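Chain residues, written in single-letter form:
2 protein chains.
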Amino acid sequence: MKLYGYFRSSAAYRVRIALNLKGIDAEQASIHLRKGEQKQPPFAAINPQKFVPVLVDGDVSLTQSLAIVEYLEETHPQPPLLPADPAGRARVRALALAVACDIHPLNNLRILNYLKDPLGHDEATRNAWYRHWVAEGFAALEAMLAGDPATGRFCHGDAPTLADVCLVPQVANAERFDCDLAPYPTIRRIAEAARALPAFAAAAPEKQPDAE
Amino acid sequence: MKLYGYFRSSAAYRVRIALNLKGIDAEQASIHLRKGEQKQPPFAAINPQKFVPVLVDGDVSLTQSLAIVEYLEETHPQPPLLPADPAGRARVRALALAVACDIHPLNNLRILNYLKDPLGHDEATRNAWYRHWVAEGFAALEAMLAGDPATGRFCHGDAPTLADVCLVPQVANAERFDCDLAPYPTIRRIAEAARALPAFAAAAPEKQPDAE
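Going line by line, the protein sequences match chains E and H. Take 1 as the starting number for the first sequence in the numbering used here and just add one per residue. Take 1 as the starting number for the second sequence in the numbering used here and just add one per residue.
Note that these hints are calculated values from the structure, not bench results. All figures in this text were calculated on a predicted structure; none of them were measured in a lab. The reader is advised that the hints may include incorrect statements.
One copy or two, it doesn't matter: identical chains are merged, so the pair holds either way.
Claimed, not checked - In silico lysine-lysine, DSBU-like type, Cα no more than 35 Å apart, as pairs: (1) Lys39 - Lys116; (2) Lys35 - Lys116; (3) Lys22 - Lys116.
Bound conformation, chain E alone:
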């Protein structure tokens, strides 16, 4: 397999974690997002959305990190990243989507760029925007996790799932933007437990060959 990613892309970071958890070796190709390589050929022809990650598996080209992880789950079921019961699977997916739909897209580079130009907002206002959506999203996630007996050492039970795969990169982003994580003790505890696993540690942005 070949993974088109970028060290700092948190969606690519999710896929790196999942590949590591599944024990799948993938060649990595770096697409430099800050230089705009995702908008140029040859990458723009690989993914019309002009986003990383893209995972190529033989003649199948896959986009969207959550769709990629579900594909890995179906083609490489061990170890599972979703529980066996439909209600548990729905809870894990909901936790993952609470990050992937309701936090991450609002704070993507293209949004921060639009806030700068054309909207004309300075860095302090853009950072306040960033922290606002992290705070809203993490407050909800903390309640979803802390208030549910299904939460264990990780987001769902005592083994990592798709929910942790999404949570850890979001925590790393929040730290990079100096978000206050004190109000979210369950999120911090789970992120710490997950990052102690080699599969998560090796996927961290600073460990990637294209890290700056």
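Dock chain H against chain E, hints included.
Relative to the frame of chain E, chain H by itself:
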């Protein structure tokens, strides 16, 4: 089952379509988003994210529209809303996520509210924001659909899938905000075919008991 929704919520609209396609009867409870009922008890205790939809199935309470549709797919497999092959399933999920992650969250009511206060933008600027992200997202979706032989009468083949379940509510939103859909003939063709199906037609916002 009981669905907490709102006629104009496009995430609730997705679940209404999926329930109809599966032939599942669900009691509907309306949570008035513009009046802020989602932030008040009793609903805020049902979903810490304070979003609709929530689907209650016996003692299971489900959040996040895509997780809900996956749950329905697992518990009520017929008719399928995902193809049988992993690559096809990944394509359908990627199309759905291209709406659910990369268009819809940017144009949610809470975002438009933040652009108004504290950011101070007028309605014209907020509408330009809305249309910008629809145009970016639909241009990518149009390329993903028009350039792939797997696209059929619907987003993937000739039966509706999770991708159509997400596409149609986004098209309805785009129309409501007077977005120019002329550049997206494949999206328009598929949306028209889907809306002609009773399951989609009955789920439309204007057909709901709480429609204004």
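Here's how the hints hold up against the structure:
1. Lys39 - Lys116: Classified as both: same-chain Cα gap 19 Å, cross-chain 31 Å, threshold 35 Å.
2. Lys35 - Lys116: both (17 Å within a copy, 31 Å between copies)
3. Lys22 - Lys116: Answer is neither: 40 Å inside a copy and 45 Å across each miss the 35 Å cutoff.
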